[in-house]
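Visitor: Residue numbers (the numbering used here), protein chains in the order written: chain A, -4 to 399; chain B, -4 to 399.
Hint data in this document are derived by calculation from the structure and do not stem from the laboratory.
All values reported here derive from a predicted model rather than from experimental measurement.
Where hints are given, some of them may not hold.
Stated by the list, open to error - Derived lysine to any residue pairs resembling SDA-like cross-links, with alpha carbons at most 25 angstroms apart:
1) B/K241 <-> A/G175
2) A/K51 <-> B/Q53
3) B/K51 <-> A/N87
4) B/K93 <-> A/F243
5) A/K245 <-> B/G139
6) B/K241 <-> A/G135
7) A/K241 <-> B/N201
8) B/K245 <-> A/V37
9) B/K219 <-> A/N240
10) B/K241 <-> A/N211
11) A/K245 <-> B/R384
12) A/K245 <-> B/T95
13) A/K276 <-> B/Y273
14) A/K245 <-> B/N98
15) A/K84 <-> B/T112
16) B/K51 <-> A/P50
17) B/K217 <-> A/N240
18) A/K51 <-> B/F48
19) B/K241 <-> A/R384
20) A/K241 <-> B/P174
21) A/K79 <-> B/P50
22) B/K143 <-> A/K51
23) B/K79 <-> A/P50
24) A/K241 <-> B/D40
25) A/K241 <-> B/R384
26) A/K276 <-> B/Y176
27) B/K241 <-> A/Q138
28) B/K276 <-> A/E177
29) A/K252 <-> B/S64
30) B/K241 <-> A/G136
31) A/K252 <-> A/F353
32) B/K143 <-> A/Q247
33) B/K93 <-> A/N242
34) B/K241 <-> A/N41
35) B/K241 <-> A/V33
36) A/K241 <-> B/Y273
37) A/K241 <-> B/F120
There are 2 protein chains.
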Amino acid sequence: MLKPKIKMKKFLTLVMSTVLLGFAASAQEALFQAQNIVSPEVHEDNTVTFRLFAPKAQAVEVTGDFLPSIKMDTPMGQMDGPGKAALTKDANGVWSYKTTVLNPELYGYSFVIDGFTTTDPSNPFLIRDVASATNFFLIGGGQGDLYKTNDIPHGSVSRRWYDSPGLGMDRRITVYTPPGYETSNESYPVLYLLHGAGGDEEAWINLGRTAQILDNLIATGKSKPMIVVMPNGNVIQDAAPGEGNKNFYKPQFMIPKTMDGTYEGAFEDIIRFVESNYRVKADKKNRAIAGLSMGGFHTLHVSRYYPNTFDYIGLFSAAIMPREDATGRVYSNFDQTLKTQQDNGYKLYWIAIGKTDFLYKANQEYLAKLKGMNMPHTYVESEGGHTWRNWRVYLSQFAPQLFQ
Amino acid sequence: MLKPKIKMKKFLTLVMSTVLLGFAASAQEALFQAQNIVSPEVHEDNTVTFRLFAPKAQAVEVTGDFLPSIKMDTPMGQMDGPGKAALTKDANGVWSYKTTVLNPELYGYSFVIDGFTTTDPSNPFLIRDVASATNFFLIGGGQGDLYKTNDIPHGSVSRRWYDSPGLGMDRRITVYTPPGYETSNESYPVLYLLHGAGGDEEAWINLGRTAQILDNLIATGKSKPMIVVMPNGNVIQDAAPGEGNKNFYKPQFMIPKTMDGTYEGAFEDIIRFVESNYRVKADKKNRAIAGLSMGGFHTLHVSRYYPNTFDYIGLFSAAIMPREDATGRVYSNFDQTLKTQQDNGYKLYWIAIGKTDFLYKANQEYLAKLKGMNMPHTYVESEGGHTWRNWRVYLSQFAPQLFQ
Chain A
-4 MLKPKIKMKK FLTLVMSTVL LGFAASAQEA LFQAQNIVSP EVHEDNTVTF
46 RLFAPKAQAV EVTGDFLPSI KMDTPMGQMD GPGKAALTKD ANGVWSYKTT
96 VLNPELYGYS FVIDGFTTTD PSNPFLIRDV ASATNFFLIG GGQGDLYKTN
146 DIPHGSVSRR WYDSPGLGMD RRITVYTPPG YETSNESYPV LYLLHGAGGD
196 EEAWINLGRT AQILDNLIAT GKSKPMIVVM PNGNVIQDAA PGEGNKNFYK
246 PQFMIPKTMD GTYEGAFEDI IRFVESNYRV KADKKNRAIA GLSMGGFHTL
296 HVSRYYPNTF DYIGLFSAAI MPREDATGRV YSNFDQTLKT QQDNGYKLYW
346 IAIGKTDFLY KANQEYLAKL KGMNMPHTYV ESEGGHTWRN WRVYLSQFAP
396 QLFQ
Chain B
-4 MLKPKIKMKK FLTLVMSTVL LGFAASAQEA LFQAQNIVSP EVHEDNTVTF
46 RLFAPKAQAV EVTGDFLPSI KMDTPMGQMD GPGKAALTKD ANGVWSYKTT
96 VLNPELYGYS FVIDGFTTTD PSNPFLIRDV ASATNFFLIG GGQGDLYKTN
146 DIPHGSVSRR WYDSPGLGMD RRITVYTPPG YETSNESYPV LYLLHGAGGD
196 EEAWINLGRT AQILDNLIAT GKSKPMIVVM PNGNVIQDAA PGEGNKNFYK
246 PQFMIPKTMD GTYEGAFEDI IRFVESNYRV KADKKNRAIA GLSMGGFHTL
296 HVSRYYPNTF DYIGLFSAAI MPREDATGRV YSNFDQTLKT QQDNGYKLYW
346 IAIGKTDFLY KANQEYLAKL KGMNMPHTYV ESEGGHTWRN WRVYLSQFAP
396 QLFQ
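All chains should be modelled from the sequences, with the hints used to inform the complete structure.
Guide: Put into structure tokens, the structure is as follows:
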């Protein structure tokens, strides 16, 4: 046998040293700096300790949606903003802050070091939302357990590309298939799940925890096994920033043409792709569509524009805008096509919004319109505003009602 | 038609304000802060400008592998570390630094603000490597174009779970299928591609740009269409940190049992899953295996332990360790099983390492051993060390030689 000069222990020392010293990658510096710090530490009683090694800093704060919101004066009046809490420094230059007991939830947070907002170098878990990446942590138990990866059968998540003749390009799409899809011969119903402005085909699977929610609901028998299709709703974007033909660039919040009817008019490309590439039950009673904010707007119009296609419609904090100024085919004949959708019938038209959502009033007006038409619908009013926290809850409430 | 109270322009203002003011999520603060800053900005001539808004900072540096490396004194002698460059502040509190012309590459970097190493709030693109997340940017052209998403047919990337009786758990696995896989009736050859210590089933697809490299090589006819299977090589870990049953925790660099033979002994579970779930050519001449560092170690031993299974073997900066101290079945009879592998024959035994890699000497010893046995092999010696830069290059050199 070869007598190796480098033994296991020596190898590990060498590798560790190489990594820690940052052989040629700056990533490795962060590792060195953060190596002995655990942050955030979620304790058994659901309190959380944040820690930061910053001996030279004068003041360190943590800000996030787990802290009581604070009122901010804005040009539009007072609005809620994320709270802040001060960390205290110990003799070793490690700052820390321990929260009160937190409710189960997926929370986001940042550190503010001498006024500069930044990420937590000890927490490698970040999710991009529009143009920034933020650390997050999860408090399990109750609703929080729906967002965990548990020891249950797991579905698959694929990123694929489909041809969209309507938009003139190949487009990236995220597809969740339920546990057993690959080995069964069954056909499945489909939920089309649409993101909001600033999002893309990564939004629901990352910020929305769709795979975990569906895995957990299916494992407990609360939801039927279903395919969940998460397309990109930005007309001029082939894929999420960093994943498409523009490669890496700073994403904008509002992308041109996302709400001009083009997307809804080409939605049949998505349905065609799904129904010709997956074992699906390709009929109205096995199709659902839902979306948040702009995706709720898209849902309203897609389900109306293809008025005999979906039996389940979900508007989550929807940006209700009939677009009376629009001249295109999708937004024309609004009342008439809505009436047609009503006449064709459906099983669920579900509207959910938070009490403090800035779209609350627009949703109340739409509800009044539906009542005036005697158009059947279910209305759920929650606490809170225009947040992913609400959209994850809405998905977990909507999915069990589908295909039953 | 409903007369909406909220018109399009008003809606956008409302949404923007909501997002920018951080309605209930700290993520949104970062967006506000960074909204007017573009960083990094890659110019047409392949120089890059970094920018940071930090009016209170005393000193800001950028550190990364695009800067000339600097010598660092360590307990193990002088080693290379990532270079640093100072940013300068303008009257508005915006710090900036412009690089020289950079070679095409995917680069990582961090900012150092008054001694504190942190991420770039204007760059939402981060990749986790072991326990930290680092910003990156891409310089296209030449080799860099292989790492871009170009306007060509794209393969699919799936995260799935397979049952591993050998390791006693369901395990997550990343699978790239080439363009056309879903619509053709063809069967495909398979490359098993293994990560290093501290990595997982996310490493090759994120840091390694596997999907982009394969898409580009296949589109230009340089590589045969193939399936690339990227398993998790950590025995006690069902999935990448944040994706498995331990949910979010700070990953360690070296995970117990990753190099004790258990993984290699259970590798047949992976092959069985792939060959019963994908349309593959299930024979030796259509199987390749390669890995980096610890994955090179796994590759050496898996290909020897299953000595008539792979026609293509790739050792990228391999941690060559026959483990003479190991007593398990996998590492026993090293010389004999290596000879059996040689006698059975193969098409390519490819070894690549950088001149400054800390495993260079161990690889030279292994090469001498192979020469002594007259065991055919191909050796490629590159510049540089134990870096993802080299491993991406090695993959782009190795893949075109497969299944031809």
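Visitor: Mind checking the alpha carbons of B/K51 and A/P50 for me, to see if they're no more than 25 angstroms apart?
Guide: Status holds; Cα separation ~17 angstroms.
Visitor: What's the verdict on B/K217 and A/N240, does the C-alpha distance respect the 25 angstroms limit or exceed it?
Guide: 21 angstroms, holds
Visitor: With the threshold set at 25 angstroms, check whether the alpha-carbon distance from A/K252 to A/F353 stays at or below it.
Guide: Holds, because 22 angstroms separates the two Cα atoms, which is no more than 25 angstroms.
Visitor: Is the hinted pair B/K241 and A/N41 satisfied, with a Cα-Cα distance of at most 25 angstroms?
Guide: 16 angstroms, holds
Visitor: Checking one constraint from the list: CA of A/K276 to CA of B/Y273, max 25 angstroms. Satisfied?
Guide: 23 angstroms, holds
Visitor: So if I understand the rule, the pair passes when the alpha-carbon distance is 25 angstroms or less; does A/K51 with B/Q53 pass?
Guide: Holds, because 11 angstroms separates the two Cα atoms, which is no more than 25 angstroms.
Visitor: Would you check the hint for B/K241 and A/R384, treating anything up to 25 angstroms between C-alpha atoms as holding?
Guide: Satisfied, since the Cα-Cα distance of roughly 22 angstroms is no more than 25 angstroms.
Visitor: Taken at face value, is the distance from the CA of B/T95 to the CA of A/K245 at most 25 angstroms?
Guide: Measuring from Cα to Cα gives roughly 22 angstroms; hence the hint holds.
Visitor: Please work out if B/K276 and A/E177 have their alpha carbons no farther apart than 25 angstroms.
Guide: 19 angstroms, holds
Visitor: Run the distance test for B/K241 versus A/G175: straight-line Cα separation, threshold 25 angstroms.
Guide: OK: B/K241 and A/G175 at ~23 angstroms, within 25 angstroms.
Visitor: Has the given pair, A/K241 with B/Y273, been kept, meaning a C-alpha gap of at most 25 angstroms?
Guide: Violated, at roughly 31 angstroms.
Visitor: Quick one, are B/K245 and A/V37 close enough, alpha carbons at most 25 angstroms?
Guide: 12 angstroms, holds
When held up to the earlier numbered hints, the structure conflicts with 22, 29 and 36 and fits the remainder.
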